[in-house]
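J.: Just so you know, the protein sequences line up as chains V, W and X, in that order.
Each residue of the first sequence is one higher than the one before, starting from 1 at the first, in this note's numbering.
Each residue of the second sequence is one higher than the one before, starting from 1 at the first, in this note's numbering.
Each residue of the third sequence is one higher than the one before, starting from 1 at the first, in this note's numbering.
Everything labelled a hint here was simulated from the structure, so no lab data went into it.
As the structure is a computational prediction, the values presented were derived from the model and not from experiment.
The C-beta atom is built at its ideal place from N, Cα and C for all residues, glycine as well.
Misleading hints may appear alongside valid ones.
Derived CB-CB ranges, DEER-like [stated by the list, open to error]:
1) W:32 - V:25: 54 to 64 Å
2) X:73 - V:512: 50 to 60 Å
3) V:467 - X:44: 51 to 61 Å
4) V:397 - W:13: 20 to 30 Å
5) V:512 - X:70: 45 to 55 Å
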Amino acid sequence: MLGNDFIRVLYIDLQNRKADIKERKDLYRYLGGTGVAAKLLEENMKKDLPPLHKEQPLIISIGPLSTIFPVVTKAVATFISPHTGEYGESHAGGRLAMAMRNAGYDAIVITGRADKPTYLSITDRSIEFKDARAMWGLDIEEVGRVVREREPGPGKRSIIRIGRAGENLVTYSCVNVDTYRHFGRLGMGTVFGSKNLKAMIIMGERDLPISNLKEYFKTYQEIYKKATQTDAMAKYHELGTPINIKVLNAINSLPTKNLLQSTFEHADDISGETFAEKNLIRKVSCTGCPIGCIHIGQFRREFDKGYEYESIAVSYDHELIYALGSLLGIRTSDEVLEIIEEVELAGLDAMTTGVVLAWATEALQKGLITKQDTLVDLEFGNTKEYIKAIDYIADRANEFYYTIGNGLNEAVKKYGGQEFALLYGGNEMAGYHTGYAFALGQTVGARHSHLDNAGYSYDQTAKELRDEEIVDYVIKEEKERNVLTSLCICLFARKVYDRPTILKALHSIGIDWTDDDLTRLGNDIFFTKLKIKKELGFSLENYRFPKRVFETPTLWGRMDEERLNKLLKMYIERVEKEYADWSRGQ
Amino acid sequence: MLIGVEVNDFFEKYGSKTGKFEMEVEPGFNVQKLLQRLNIPLDRIGFVIVNEKRVDFDYILSEGDEVYILPFATGG
Amino acid sequence: MTKVLRADNMNKCLGCFTCMLTCAAVNHNNHNLAKSSIKVKTRGGLQSKFAATICVACKEPACAEACPTNALVRRPGGGVKLIRERCIACEKCVSACIVGSIHMDYDRKIPIVCKHCGACVRMCPHNCLSMEEVME
Chain V
1 MLGNDFIRVL YIDLQNRKAD IKERKDLYRY LGGTGVAAKL LEENMKKDLP PLHKEQPLII
61 SIGPLSTIFP VVTKAVATFI SPHTGEYGES HAGGRLAMAM RNAGYDAIVI TGRADKPTYL
121 SITDRSIEFK DARAMWGLDI EEVGRVVRER EPGPGKRSII RIGRAGENLV TYSCVNVDTY
181 RHFGRLGMGT VFGSKNLKAM IIMGERDLPI SNLKEYFKTY QEIYKKATQT DAMAKYHELG
241 TPINIKVLNA INSLPTKNLL QSTFEHADDI SGETFAEKNL IRKVSCTGCP IGCIHIGQFR
301 REFDKGYEYE SIAVSYDHEL IYALGSLLGI RTSDEVLEII EEVELAGLDA MTTGVVLAWA
361 TEALQKGLIT KQDTLVDLEF GNTKEYIKAI DYIADRANEF YYTIGNGLNE AVKKYGGQEF
421 ALLYGGNEMA GYHTGYAFAL GQTVGARHSH LDNAGYSYDQ TAKELRDEEI VDYVIKEEKE
481 RNVLTSLCIC LFARKVYDRP TILKALHSIG IDWTDDDLTR LGNDIFFTKL KIKKELGFSL
541 ENYRFPKRVF ETPTLWGRMD EERLNKLLKM YIERVEKEYA DWSRGQ
Chain W
1 MLIGVEVNDF FEKYGSKTGK FEMEVEPGFN VQKLLQRLNI PLDRIGFVIV NEKRVDFDYI
61 LSEGDEVYIL PFATGG
Chain X
1 MTKVLRADNM NKCLGCFTCM LTCAAVNHNN HNLAKSSIKV KTRGGLQSKF AATICVACKE
61 PACAEACPTN ALVRRPGGGV KLIRERCIAC EKCVSACIVG SIHMDYDRKI PIVCKHCGAC
121 VRMCPHNCLS MEEVME
C-alpha cells in the first residue's frame, strides 16, 4: 500500500456474498504483482481439489509502482489453471491496475461460487454482488456495454468480463480487460465461469497523497523521458510487435500451417507493414503508458447483398497474427482480423485457439478425425470454416469440440496425433520457432509462456549455441522477470527499468530496497512458484517434446531431439539442486 | 557489380534508405561497408540474410547477391 | 500576454492518462487521477474516440458568477483562480460550468479548477494539448 509497509488485500467470498480486508505486513517483502499473487495462491489453494472447485482462489495483484510510473501498467492474476492443472498466472494491462490502485486494494482474492450468475462492483467504499443472470450468454462486447451503461465512473473504471467460452468452461477462456487487453492464457476466464462470475467493475477515488512530490516527480520525469525519447520502446509504438512477421519469416522461425513450415508464402500479406497500410486505424495505451502499443485494425464485412457493409475494429499483435494467421495458413490481413473478432467475442485465448485449430486441421487431413467430428471442412487458409469452428469450441457443440475445448493435451489422449500437437510443457506453443532456447524456455517457464524467460531472444542474439549458457540464461532471465512483474512493469519496458532505475523509483515513494533485496525477491518467487507446481503434481521428468518441432527448420536449422532433451535434463538437475538449497533456507 | 537489397522499414528512423532496390558496389565489398553506406547503425541490426542464408558483417558480397536487412524480432 | 490550455488535437490521443496523473501530482499532490483538472474520457466505450474535458477559459466565467463567496476570481486571459480560504464547498460552481470542467475534491472539500499551468501539456506524449497565447 502506498506510503505503508503492508499489502492491503480484499478477500471476496462469492458464496456467502461477504468481503473482508486485511493489511498484510508479512506479504510486503514480496512487493506486489507476481510475488504477492504467487504467495496468496500458495496459501489459499486447495491442492487436493480440482482446479475449478468452488473453494479454489483467484487472485489479482498490482504493485507499488503501478500506474504512478510510466509503463507500469499490468495487473497479475494467479489461479490453478484448468488448462494444465497446475500453476496458473496471467498478466493484463488496460485500466485494471489504475482502478485497483484508486480503489485502494493491492490485491484481491476471490473464492467461492455465486449461486447464480453475478457481477461484482468494487469501489473504495462499496462491494456489491449484482445479478448477472440476464448477462449470461452475452458476448464480450455486449456484456461490456451493459455494465458500462449500468455503472458510474466513465474514464476511471475498469470492466473485466468473460464470454460464452468462459461460461462453458472451455479450459482456455480469457478474461477480457477493458475491450482491448486480456488475461489470455491458462484459463482465467474459465475460473470466472466456474465461479458464476460474469464480470467485475472496479473504480475508486481514494485519497492517495504523495509523500515526497519533488523526488517522485523528478524520478517520474526521468523515466518518462527514457521511455519516450530514446528508441528503447519506439518499435512497440510504430508497427508494434507485428514487425516480427517479416523478420521471423526470413529466419525460418514463423510457425506456419501447424508448423509444417516455418516460412509462409503469404507472410508479406499478413505482415505488420501490411496491417499498418491496410487496416491500422488507431493506437491506444494502457493507463499510465505514454507509448501506445495497442494497435487497432479495421476490416469491413459485407453482411448482405446490395452493398450492405459493417466495419469492425479489433486489436492485433504478433501472437494473434501468428496463431490465427500463419499457423492456420490465412492469406490476408482482413481475414486474420475477422478470425480475431470471433475469438474476441467468444472470449477465448487467441494463441491456444489457433494452435488447437491447426492441430485439428492436420488431424482431419490425416484421418484421425472425420467431418462428423469437426462439422466443418477445416483446411489451412479457409477463414469461413475456422470462424464456425471457433463458435463450436465456445459452445462445446459436440463431443469432439468438447474435447478440444479442454486443450490439445486432452485431445491427443482421445484422438492421437501427439507428434504434431504443438505443446510445450502442456501449453500451446507461442509464435517463435527460433530454436532451442525458445523450446526449452516455454517448456520450463512457470506459466509455460514465451514471456517467462524470452528464450526466443537468446536464440536470435546468440553467436553460437552453448548448452550451459542456454540453461543459465533461461533461469537467470526468469528470475529477473519475476522482479519486473512483481512491480507490474510491462515487459516491453524492461530496457527502461534497469536495476538502478527500479531502485530509484522505489526510493522516491519511500521504499528503500537494495539491489540484493531485488535479487532475493526474484529468487524467492522463482522457487515459490516451483513449490506450488510440485504441490500440484507437476513434473518434467519423462516429458516428451512433440516430434513436429524437430522436423521443421528453425533459425538454427532442424533442432536435434537428443540435444533438447539433454538441455531439459540439465535444467531440471540445476533447478532441483537450487530448489533443495532454497527449501533448506526457508 | 550489382546487388539486390531489401531494407526493413524499421531502419527508416535512423535515416536509412529502406525498401527494395538495386545497388552498384565495388568487388570485395563486405556487409559491414554496405550497412555503413546505407546509414544503418550496426548495433540495431538483427539479421543480414544473403540469398536466404544468415551471414556475418565480414561476409564479402558477390555479383547478383540478394541482401535482406532486418532487426531482431521482439516480444514482451 | 497570457496562456490558456487547449485540447485541439485529441484525435492523436492514446488514452494514456499521463496528463491526468501529472495534474493530480503537480497541482494536488495526489497519485489518484480523480484529482486531475483535465479529464480524458472516451465518448462511450474504448472503441470510441477520446475527448478531453478542460476549462475552456471563459472570459465571463459562469462558475465565478455562481460563487456566493467570491472564492473564484477571474484570471487574466480567461478562466478562474480559486481562493481557498473563501471557499465553503457549496458546489454551485460545479453545476454552473456547462462544459463540466469543475468537480469536487471531497477529501479537501474544494472544487478542482484548472490553473492553466501547462504541466499536462509538457507531459503529453502525442501533442494533443497545447498552450495558446491569448489577450488578457
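J.: If you check each hint against the structure, which ones fail?
T.: 2, 4
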